[in-house]
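S.K.: What follows is each chain in one-letter form.
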Amino acid sequence: MTLDELPRGDRAVVTSLDIRGGARRRLMDLGLLPGSAVHAEMTSPLGDPTAYEIRGALVVLRREQARAVHVEPEGR
Amino acid sequence: MATPLPTPGVGRAPTESTDTGGACASCALAPEATRLARLGLDPGRYSHVVALAGNPNTGKSTVFNALTGLRQHVGNWAGKTVARAEGGFSYGGVGYRIVDLPGTYSLLSASADEDVARDVLLFGRPDVTVVVVDATRLERNLPLVLQVRQITGRVVVALNLVDEARRHGITIDVRHLARELGVPVVATAARRGEGLPDLLAAIEQVATTDDPPAPLRLVHHDPELERAVATLADQVAARFPSLPNTRWVALRLLEGDPGIEAAVRDGSLGDQAAPTVEAAG
Numbered sequence: 001m002t003l004d005e006l007p008r009g010d011r012a013v014v015t016s017l018d019i020r021g022g023a024r025r026r027l028m029d030l031g032l033l034p035g036s037a038v039h040a041e042m043t044s045p046l047g048d049p050t051a052y053e054i055r056g057a058l059v060v061l062r063r064e065q066a067r068a069v070h071v072e073p074e075g076r
Numbered sequence: 001m002a003t004p005l006p007t008p009g010v011g012r013a014p015t016e017s018t019d020t021g022g023a024c025a026s027c028a029l030a031p032e033a034t035r036l037a038r039l040g041l042d043p044g045r046y047s048h049v050v051a052l053a054g055n056p057n058t059g060k061s062t063v064f065n066a067l068t069g070l071r072q073h074v075g076n077w078a079g080k081t082v083a084r085a086e087g088g089f090s091y092g093g094v095g096y097r098i099v100d101l102p103g104t105y106s107l108l109s110a111s112a113d114e115d116v117a118r119d120v121l122l123f124g125r126p127d128v129t130v131v132v133v134d135a136t137r138l139e140r141n142l143p144l145v146l147q148v149r150q151i152t153g154r155v156v157v158a159l160n161l162v163d164e165a166r167r168h169g170i171t172i173d174v175r176h177l178a179r180e181l182g183v184p185v186v187a188t189a190a191r192r193g194e195g196l197p198d199l200l201a202a203i204e205q206v207a208t209t210d211d212p213p214a215p216l217r218l219v220h221h222d223p224e225l226e227r228a229v230a231t232l233a234d235q236v237a238a239r240f241p242s243l244p245n246t247r248w249v250a251l252r253l254l255e256g257d258p259g260i261e262a263a264v265r266d267g268s269l270g271d272q273a274a275p276t277v278e279a280a281g
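Protein chains in written order, with the working numbering: chain A, 1 to 76; chain B, 1 to 281.
Just so you know, the hints here were simulated from the structure itself, not pulled from any lab data.
Values in this document were obtained by computation on a predicted structure and should not be read as measured data.
There may be inaccurate statements among the hints.
Across the chosen pairs, the derived CB separations fall in these ranges [unchecked claim]:
| # | chain 1 | residue 1 | chain 2 | residue 2 | range |
| --- | --- | --- | --- | --- | --- |
| 1 | A | Val-60 | B | Arg-265 | 32 to 38 Å |
| 2 | A | Ser-16 | B | Glu-139 | 18 to 24 Å |
| 3 | A | Val-13 | B | Leu-218 | 19 to 25 Å |
We put the CB at the ideal spot given by N, CA and C, even for glycine.
Work out the full structure: start from the sequences and follow the hints.
M.R.: Structure representation (structure tokens):
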């Protein structure tokens, strides 16, 4: 699944980034690398953008950006 | 005996500063760092250039102020250090010019702040780059340290906000971190002056060494990529023989980094020009 589909409050681990160039670089700089743990923290009223907790920091992504991030949800 | 305060703008630092201890009794650095004279905006004649890099909100400007005695605005918002602030200090009788870079997560993305930071490190070739990292968010801060380490080995890591980390129950194995990174790591709480004497000693050591660690070499496990990097790095080395970080440049060229491309094309990559701009003030 992709990060935009991760329900609020759930955790996941990044598996790959389906994006190239500067936009990929930007996501990696923000800590989104394969293996990174992500936690969907807050969603704005319209569901876009969403705030994620990544490596101890809150990162806000648009749905379009989150869609490029493939994740493996953590079973609970 | 009179104990004059180090006055901003005086330029030359007192070489014998043993008798200035009293003058500095109220400051956070006394008495261990009486070898420090803060020179404010005017570094006077300086021997070494120190760049301060780090993620936003790591306390970079607090470190800058503690070293220079300046009151650069310390605040918590994006783009506070718009371009770069410069100041000076003298340590052990030697003058240092210090450049506070904008806070960045990376040296690779296309934003004006990151370009400023990268250009100072790459073209300014500071004698020491102090990377200020947030001890409470170390994992998030380390990518920038690795990026700086790929450009230069003349690095000191200031593990800042250790007081906050302690409150959160976080302990960091400083010696292990230093071994992994191959450069000195100093625990600091710049707000309270903690660790600054050690930081100054580490800066002096890196500034004066003739044998700095080599820039960090990332090994690529894709043989084709590795071949491309090696081939291109050889060509960069042939064109710019004084450049210490040819593999890093080769990687940027392969990524299509427009800033690096331009610097290779117009030859400014090889410039041994004086670091950064004219002295402030």
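S.K.: All hints, please: hold or fail.
M.R.: Hints and how they fare:
no.: 1; hint: A/Val-60 <-> B/Arg-265: 32 to 38 Å; result: holds (37 Å)
no.: 2; hint: A/Ser-16 <-> B/Glu-139: 18 to 24 Å; result: holds (20 Å)
no.: 3; hint: A/Val-13 <-> B/Leu-218: 19 to 25 Å; result: holds (23 Å)
The structure is consistent with each of the numbered hints, conforming to all of them.
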